[in-house]
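Q: Sequence:
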Amino acid sequence: MVNWDGLLTKDMESVLVLAATNRPFDLDEVAIRRMPRRCMVDLPDTTNRSKILKVILAKEKFSDDFDFNAIAHITDGFSGSDLELTSALLLPIARSKRRAGPGLFKRATELSILCGGPYRHHHFLSRWPRP
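With this note's numbering applied, the sequence shown covers 1 to 131.
Just so you know, these hints were derived from the structure itself, not from any lab. Idealized CB from N, CA, C, for every residue including glycine. Please note that a few of the clues may not be correct.
[As the list claims (entries may be wrong)] Just the calculated beta-carbon pair ranges, DEER-fashion:
#: 1; residue 1: D11; residue 2: V41; range: 33 to 43 Å
#: 2; residue 1: E13; residue 2: K61; range: 21 to 31 Å
#: 3; residue 1: T47; residue 2: A19; range: 23 to 33 Å
#: 4; residue 1: R33; residue 2: S63; range: 25 to 35 Å
#: 5; residue 1: F25; residue 2: G77; range: 33 to 43 Å
#: 6; residue 1: D11; residue 2: H73; range: 33 to 43 Å
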């Protein structure tokens with residue numbers, strides 16, 4: 001933070017500082033004052049979760065009845081990293097089979113929820129008071 005004060009730049013140049021956090025209410029007041037603009041990026045919707053899963057699992061083989069949209073529907077409230085973790089939970093098992101079916105990823109989702117679940121934004125907001 002001290003380095004931001006009096007940051008030297010050449011004439012006609014500027015510095016852009018971009019920061020991201022999943023715990024905005026835990027930020028130091030000094031840091032918040034130095035970041036005048038804030039934007040909220042919400043969790044992905046069903047369509048985007050399906051797209052994220054397709055990217056994460058692009059190299060994997062699936063059974064003919066595998067439906068990314070069905071998996072996206074049961075992962076409501078999951079972030080991209082939650083989806084990646086859920087996929088990683090059962091990929092070693094899936095790789096031992098010829099093709100992964102939808103039941104495997106449904107089970108991975110259930111395991112993820114049992115192990116702490118997705119980081120749900122509305123739970124986070126209700127836990128800490130807004131500044």
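Q: A separate judgement is required for each hint: does it hold in the structure or not?
A: So, going through the hints one by one against the coordinates:
1. D11 <-> V41: 33 to 43 Å: Holds, since D11 and V41 (Cβ atoms, about 34 Å apart) stay within the stated range.
2. E13 <-> K61: 21 to 31 Å: violated, 50 Å
3. T47 <-> A19: 23 to 33 Å: Since T47 and A19 have Cβ atoms about 28 Å apart, the given range 23 to 33 Å holds.
4. R33 <-> S63: 25 to 35 Å: With Cβ atoms ~54 Å apart, the hint is violated.
5. F25 <-> G77: 33 to 43 Å: violated, 19 Å
6. D11 <-> H73: 33 to 43 Å: Violated: the Cβ-Cβ distance is about 54 Å, outside 33 to 43 Å.
Hint compliance for this structure: hints 2, 4, 5, 6 are not met, and every other hint is.
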